[in-house]
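Asker: Chains A and B supply the protein sequences, listed in that same order. Be aware that the first sequence starts at 304, since it is given in our numbering, and climbs by one per residue. Be aware that the second sequence starts at 239, since it is given in our numbering, and climbs by one per residue.
Quick caveat, the hints were computed from the structure, so don't treat them as lab data. Backbone N, C-alpha and C define an ideal beta-carbon position, used for all residues, glycine too. Check before you lean on any hint, since a few could be wrong.
Claimed, not checked - These stretches of chain A come out as covered by chain B in the derived footprint (C-beta under 8 Å, 3 or more residues): (1) 482-492; (2) 508-516.
What the hints assert, rightly or not - Below 30 Å or equal to it, Euclidean Cα-Cα: the simulated DSS-like pairs (lysine-lysine) are: (3) B:Lys296 - A:Lys482; (4) B:Lys467 - B:Lys447; (5) B:Lys296 - A:Lys374; (6) B:Lys399 - A:Lys479.
Chain by chain, the residues:
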Amino acid sequence: MLREITLGQYYPADSPIHKLDPRTKLFTTMIYIISIFCFKGPVAFAVITAALAMVIYLSKVPFSYMVRGLKTIVFILIFAGILNLFMTPGRELVSFWKLTISYEGAKNASLMLFRMIYLIIGTSVMTLTTTPNQLTDGLEAALKPMKKIKVPVHEIAMMMSIALRFIPILIEETDKIMKAQMARGADFESGGLIKKTKAMIPLLVPLFVSAFRRANDLALAMEARCYSGGEGRTKMLPLKYENRDRITYVISIVYLVAICVLRRFPF
Amino acid sequence: MSLILDNISHIYSRGDAYEKKALDGVSLKIEDGEFIGIIGHTGSGKSTLIQHLNGLLKATEGSIYFNGQDIYDKDYDLRDLRMQVGMVFQYPEHQLFDETVFKDVCFGPRNQGLPEKDVTLRAYEALKNVGLDEKYYDVSPFELSGGQKRRAAIAGVVAMKPQVLVLDEPTAGLDPQGRDEILDMIAENHQRYGNTVILVSHSMEDVAKYVDRIIVMDDGQVRFDGEPKVVFRHYKELEEIGLAAPQVTYLMHDLKNAGYPVSCDATTVDEAKNEIMKMLGRR
Ligand SMILES: Nc1ncnc2c1ncn2[C@@H]1O[C@H](COP(=O)(O)OP(=O)(O)OP(=O)(O)O)[C@@H](O)[C@H]1O
Ligand SMILES: [Mg+2]
């Protein structure tokens with residue numbers, strides 16, 4: 304019942320996008336985000352849409368998965384859209400009762416909606432095609448220069464990957480304990496706020512106990528394998544650029560240049 | 239009075255990459271007072287199957303009738319069903335939560351809405367039944383050893399006096415003595431109250447010793463269903479699906495193949511002993 308949370312979850316498939324180096328994907332995603340915030344004109348819009356559609360097609364992830372991330376922010380989208388629509392002053396487009404929609408308002412609202420939606424879908428493509436481990440590896444590699452200014456890059460990456468690793472485990476654990484307590488007649492649904500909060504105790508106590516137990520076990524296991532931080536540590540699967548990564552870098556830079564050039568033209 | 243499963247199928251994560259058919263057309267009739275063992279290799283769907291018995295999982299297809307009523311009816315009270323079909327999960331000690339062992343055991347009966355006096359009585363009775371020493375009643379469950387925790391957790395379900403008691407590998411990870419004590423306790427309670435017991439286990443010896451009917455699961459389907467001695471006659475097929483018969487079954491087959499006039503139906507050490515004594519006396 305709790306497994307349905309998918310925002311930022313990996314979707315296994317055998318596609319060229321899945322095979323890309325995580326650093327490449329991080330870079331490309333950044334380029335993409337820049338492009339959706341700095342483009343101008345319908346032609347650029349068409350280019351972005353085509354690029355996104357192409358990547359989604361190549362990734363072999365069902366489109367419904369990408370949209371799933373949107374569901375969680377539908378309310379924010381609608382709210383922000385309406386605010387933009389009515390609150391932007393400018394040339395009048397339509398007006399009824401006390402509300403006026405300006406030409407600029409309509410433009411702002413649609414632009415904002417489009418940016419948010421494209422942002423979510425675009426980043427979903429990355430998280431859906433990259434395992435959490437690859438993602439943290441990529442981040443660690445990308446942030447490496449920060450080490451010079453004493454940022455504990457490796458530790459941050461390690462904490463991130465542990466946290467990511469534990470999310471599904473804790474979800475499963477919650478599911479299990481909930482079922483076990485329901486089997487003992489616990490009722491998580493009915494009653495007022497106080498009753499509902501009280502009903503959470505049989506769920507939260509075992510959950511915390513198990514989280515601490517797992518944390519303890521993990522720490523021991525890491526120590527038993529002589530983990531001592533990032534110094535001199537090598538990777539089992541070191542990140543290595545392939546030709547497809549080089550090609551992707553080139554394509555994404557050309558893409559960004561094209562978007563920037565299109566800014567200069569009226570269409 | 240019975241529990242009937244009619245053509246139950248269950249599919250996890252329907253419609254995405256993780257889709258998995260864990261049960262495939264399971265039909266069973268469980269009569270009152272039976273002691274049933276469910277065996278099957280890892281991932282064969284045992285835990286999935288038993289979670290249907292008290293409505294924690296809803297079948298993708300098929301229906302379940304408890305005492306003649308369809309549990310998927312809109313106005314069927316699933317909470318009431320869960321009181322009558324008690325479920326002890328794998329590693330039940332992970333669900334302990336209250337300050338003391340005693341209070342934790344009271345949780346179930348209290349949810350049943352019993353008067354406080356009965357709740358206390360039930361809890362005492364259950365804790366005594368599972369053989370947990372009285373000095374542990376008022377300590378935090380987190381201070382107990384693994385085996386003691388297990389007992390406390392089982393007591394938490396036994397205290398609800400369910401008509402059907404389902405246990406998912408209650409002895410996993412226990413030492414031989416703890417294992418025997420817990421199973422003996424379950425069998426004793428079964429004798430005393432005549433409740434239905436469904437025991438999921440990986441140990442053929444345990445199953446052979448205690449139950450009077452075995453259900454063999456394989457890849458989401460019921461492969462065999464019958465008395466232990468009948469099921470263990472298929473020991474070759476059991477091996478094919480990653481299981482085995484009890485050791486004595488192999489011994490009896492070896493004896494028979496060596497030309498001794500024994501029957502191969504013995505499934506426990508005692509039965510084998512009697513059979514061999516009989517043969518020796520006869521000669
Ligand atoms: N919550 C779930 N989501 C998706 N698949 C699941 C889930 N729970 C179990 N499965 C899958 O369903 C199948 C049956 O699992 P189940 O837990 O019923 O097996 P089991 O017979 O109890 O095994 P074991 O002896 O290891 O306890 C397995 O292949 C498992 O991977
Ligand atoms: Mg199981």
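Asker: A separate judgement is required for each hint: does it hold in the structure or not?
Answerer: Each hint tested on the structure:
no., hint, in the structure
1, 482-492, "holds (count 9)"
2, 508-516, "holds (count 4)"
3, B:Lys296 - A:Lys482, "13 Å, holds"
4, B:Lys467 - B:Lys447, "11 Å, holds"
5, B:Lys296 - A:Lys374, "25 Å, holds"
6, B:Lys399 - A:Lys479, "22 Å, holds"
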